[in-house]
Every structure is written in C-alpha cells, then in structure tokens.
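All chains, full assembly: derive it from the sequences and hints.
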Amino acid sequence: MDWLIDIFTNTESVAHIVLLYSTVIAIGVLLGKIKFGGISLGVTFVLFAGIVAGHIGFTGPMPILTFLQEFGLVLFVFMIGLQVGPGFFESFGTVGVKMNGLSTALIFLNIIVMFGCYYTFFDTSDPQNLPMLVGTLYGAVTNTPGLGAANEALSSVFSNNIPQIASGYACAYPLGVLGIIGATILIRYLCSINLDKEEERLKAEDAANSANNPHRLRLKVTNSYLEGKTMLQVHNFLNRDFVCSRILHDGHVSIPNRDTIFHIGDILNIVCAETDQEAIVAFIGPETDIDWEEQDQPMVSKRIVVTNPSINGKTLGKMHFSSVHGVNVTRVTRHGIELFASVSLPLQVGDRIMVVGPEDSVNRVTNLMGNSARRLNAPNIATIFIGIILGIVFGSLPIAIPGMPVPMKLGIAGGPLIIAILIGRYGYKIHLVTYTTTSANMMLREIGLVLFLASVGIKAGAGFWETVVQGDGLLYVLSGFLITVIPILIIGPIARKRFNFNYFTIMGMLAGTYTDPPALAYANSVCSKEAPAVGYSTVYPLSMFLRIFTAQIIVLFFCGT
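Counting the sequence shown from 1 gives a position; the working numbering is that position plus 998.
Certain hints may be false.
[Said to hold, decoys possible] What follows is a set of in silico ranges between Cβ atoms, one per label pair, in the way DEER data are often shown:
id, residue 1, residue 2, range
1, K1096, F1235, 36 to 42 Å
2, I1003, F1556, 42 to 48 Å
3, V1279, I1384, 46 to 52 Å
4, F1113, L1188, 21 to 27 Å
5, I1191, S1308, 49 to 55 Å
6, S1011, L1395, 37 to 43 Å
7, I1390, F1156, 17 to 23 Å
8, V1012, S1370, 34 to 40 Å
9, S1523, V1016, 35 to 41 Å
10, V1012, V1050, 19 to 25 Å
11, V1012, F1556, 55 to 61 Å
These are calculated hints, taken from the structure and not from any lab test. Backbone N, C-alpha and C fix where the C-beta goes; we use that ideal spot for every residue, glycine too.
Below is the structure:
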C-alpha cells in the first residue's frame, strides 16, 4: 500500500499533481450540478472543492499551481474573446449603445459600492483588506476572469505575501448568484410589470422586426418601362436591394446577371427584404405561380457550407458567382442568423450560403466552397496559439501612467482577450481561420476555467479558515450582497422608466452585465421569446472586457498605494 500512499503524499510527483487536479475538478463539477431552489453554481463549485483540498493539505508545489492557474486563465479568456469577437462591434447599434451604456454604468456602480463598503466596514490601514474586497467584488458579480486579472495584477504590486483574494470571491459568489436573480425579480414589482403584457409586447415587436427578414417573390414583368432595361439599370432605378436568382424568358430558365435584359412577360424569382416587397411588386409586376422544375433547364437550390480556407474574407462581389460560375447566392447564414447576400459581404469559414443555378454549376461551386462538415469539426489549433502568442506579447507591453506605482499592463488576461476579439472579428483579413464549433470552444473554455478555479482554490485553501471563518467573513458576505443588489436596483428601473426596455430584455441585460449564466437561465425560464438571450449577448462582450480591464486598474491604482 506504500505506492498508494505515495501518490497522495508525494507532492513532487507528476502522478500526485494529476490526481490532485482530477479529484478537485471531478468533485467540483459533480457538486456544481446540484440545484438549490432550481439554481446551480455550475463549474464554480470547483473553486470550493479546491479550497477544501488546500485546507486539508491536499496540495502541490506552488510553481506548478501557479503555472496551471495562469495557463488556464489564458485559455479561458482567449476562447471567450474568440466567441464574442464576431459580434463585439456589431453590438453597438442604436439600441445596443443604450444597453451597453447602462451596462457600463452598472459596472462602475459595482466598483463604487465596493469602495463604499471598504470605507464603511473595514480597517483602511490594513493593506490586505482592499485586495480581499476586490475578490469579493468579482464574486459578487460572478465574474471569474476579473478575479484572474486582479490576481495577476496583485503579483506585480505585492512582491511577497500576495493576498489570496479567492477567499473573498468564495464568500460573495453564492449570494451573488441569488442576489442577481432576486434583485431582478424585485424590479418587476418596483416597476409594476405584468409578465403577460411584456410577452404581448414582444410578439408585437417580433411582427414589426420580421419586415427585415429575407422574402421570396415570383413576379411577372408587366411594367412597360422595364422592356429592354438591364438588371443593373432596374436595380439602380428602383433603389431597393434584391437578388434575382432565376429568370424565365420564352420558356427558357437562366441565371441572370447585371447585364441580363428584362422583357415584358418574363418571370422573375426574387429574394428581398419584406420591407421592400410592396415597392418591388408595384414596380416590376404582380406575383405569379410557376413550377420551375417543369422548365427546359431545371434549376436547383442548395445550402453550401464554406470550409475552404482560401475563401475566407472574400466578398460575394469578388467571387463573381453569376458571371463566372453561372449561379446566384441569395442568402448567407452566419452563427444562426440569416444575412442578405449583398456584394460587399465578406464570406467566412463556417458560413452557409444558399446557391441557386443549374445542377452542374451548383456542384462546381460546392467543390469550390469546400462543403466539408468534417473540416468544421476540428478546431483551428494554429490560430488559437498564434492568437495566444500575440495576446501575451500585447499584454506585456508596459504603459506608464502618472500616479501608478508600476507601469500598467493588460497582462495575460487582458492582452489575449483583446487580441482574441480582434482576431474573431478581423482575422479573415490576414487569412486566419477563426471558426470553431460551439462544442470545441466550450470544451477548451471549460478546461481553462476548471484549471484556473482549481489552482486558485487549492492555493487559497491553506489560509481560508483564518481569513474567513475567524476573520471578516461575514463582512465579506454582506459587502458582496450590497455590491450585487444596489446597482441592479438603480439601473434596472432606469432601463425601464427612462428607456422603456422590455422587462425580459432587462433581465438578459443584467445577466450579461454580471456575466451570469444562471441568471440568464432563470430569465429564459419565464420568457417564451429570445429577448433575454438578445439582451445578454448585446452587453456580454463589452461587460467581459470592462470587468477584466477594471480589475487591473483597481489593483494597480489603489492596492499598491
């Protein structure tokens, strides 16, 4: 039995380290699935399992714990950035600006309340108290990457005796999850919101927004003005964006291009936005029924997946689908969203395009695009590690700011996050294929997260009892609760009363600002529409960036003085 005892006690052996992390992560993940009142803590329970392991002396060498902690953090934040990158800049639409403005205000209110608690409840002469409260802040807002960024910044401020702020995080996190949901429910009563009326309002908004969806028309040319005019001339005169995928002239079906001439009696197959439908019908002619398959040149329509890396970043206009390949692209689906096939739209690996044309031409385009789902199943490992290299270098750039004890660096949390966002959005411009399946992204992200949480927990476990149970643990819990609830009760009513946002959208916005999946899950459970998910995804990218960035600013500006 000595060999078994050695595995558990010889902290220098590789087997012991693997056993330590496997045990902590497995127990933490399994316990995280247990629901309390319908709410589970998820993988964050790995932190608590690590604290217990560290407290009983089940630990490992500090350099190895630190390496796995930092590597896990880098992997976690980079995969988050790669995921949110494509929609980061697009989230700043008219409504998006308002929602992100409210979200930003909420983030800074969290920080203000934290400092209020610090000066009210704690001894400001103790240099350990403010860092611990920073950990409490990120537990209160359930943001693990912020905890990692603060941890890293503290290592540059404290040369030794670095505060184990995970203890404050652990104190605040459970009530943070409950507080977000509870405060969101309280807003409903403060603003006298009726859930049934909110659902009806969403249905009315969906009906209005559906006017922008792609719409198919089959029109007969009856306007005498169009006789002898080219497709380009009609397009320019009508000033409406539409795609003509097929044209029937004198019993012959063909794929039109910009030089195709219209004649009275031609039958057109058109895709346009619903808002333009009425104007296009009035200008070209009435709708008609026709069976395209009975014509002399049968056309096929096929949805093709772009998997050829050489296509990445090329616009539809540069591909010359109609003039060179004899087909038309009518729609592009990206991340589950249908996009209108405008000539300026750049294609990305993972896009699904709807192609219409003769079967042999469609097959040629299929081969050109790749259309290999197997390629999409493998993550682009090279892109991920190239991005991490760039992120580490970028995060290590020192930025001297007057009044700060050391030059500010974005660090291994902020640097990879920003680079990942930029690569996710613009990587195709430098021929980087950034597509990864949702499952691959989630797997890498979760592996990074559990490595980070397990390491932080194990390192914090040794002093957890003295810091929390015998120390100011209850004050951390109270401070975390106030940090969670007070900003929500301020911003939530403003979003409702001042900007008249739908309550379900507000729920998603609050969950996204706190980067809290359990709160989003609760919002989805009480709403039959996608409004909570839309609110969540609109503010999540900027919120995640600000949480990480402000963590380092707080530590470098205030904890080092």
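For each hint, the structure was consulted:
1. K1096 / F1235: 36 to 42 Å: Holds, since K1096 and F1235 (Cβ atoms, about 37 Å apart) stay within the stated range.
2. I1003 / F1556: 42 to 48 Å: Once the Cβ atoms are compared, 47 Å apart, the range 42 to 48 Å for F1556 and I1003 holds.
3. V1279 / I1384: 46 to 52 Å: holds (50 Å)
4. F1113 / L1188: 21 to 27 Å: Since F1113 and L1188 have Cβ atoms about 25 Å apart, the given range 21 to 27 Å holds.
5. I1191 / S1308: 49 to 55 Å: About 52 Å separates the Cβ atoms of I1191 and S1308, which means 49 to 55 Å holds.
6. S1011 / L1395: 37 to 43 Å: holds (38 Å)
7. I1390 / F1156: 17 to 23 Å: Because 22 Å falls inside the window, the suggested range holds.
8. V1012 / S1370: 34 to 40 Å: holds (39 Å)
9. S1523 / V1016: 35 to 41 Å: For V1016 against S1523, whose Cβ atoms are near 38 Å apart, the range 35 to 41 Å holds.
10. V1012 / V1050: 19 to 25 Å: Between V1012 and V1050, where Cβ atoms are some 23 Å apart, the hint holds.
11. V1012 / F1556: 55 to 61 Å: For V1012 and F1556 the Cβ distance comes to about 40 Å; the hint is violated.
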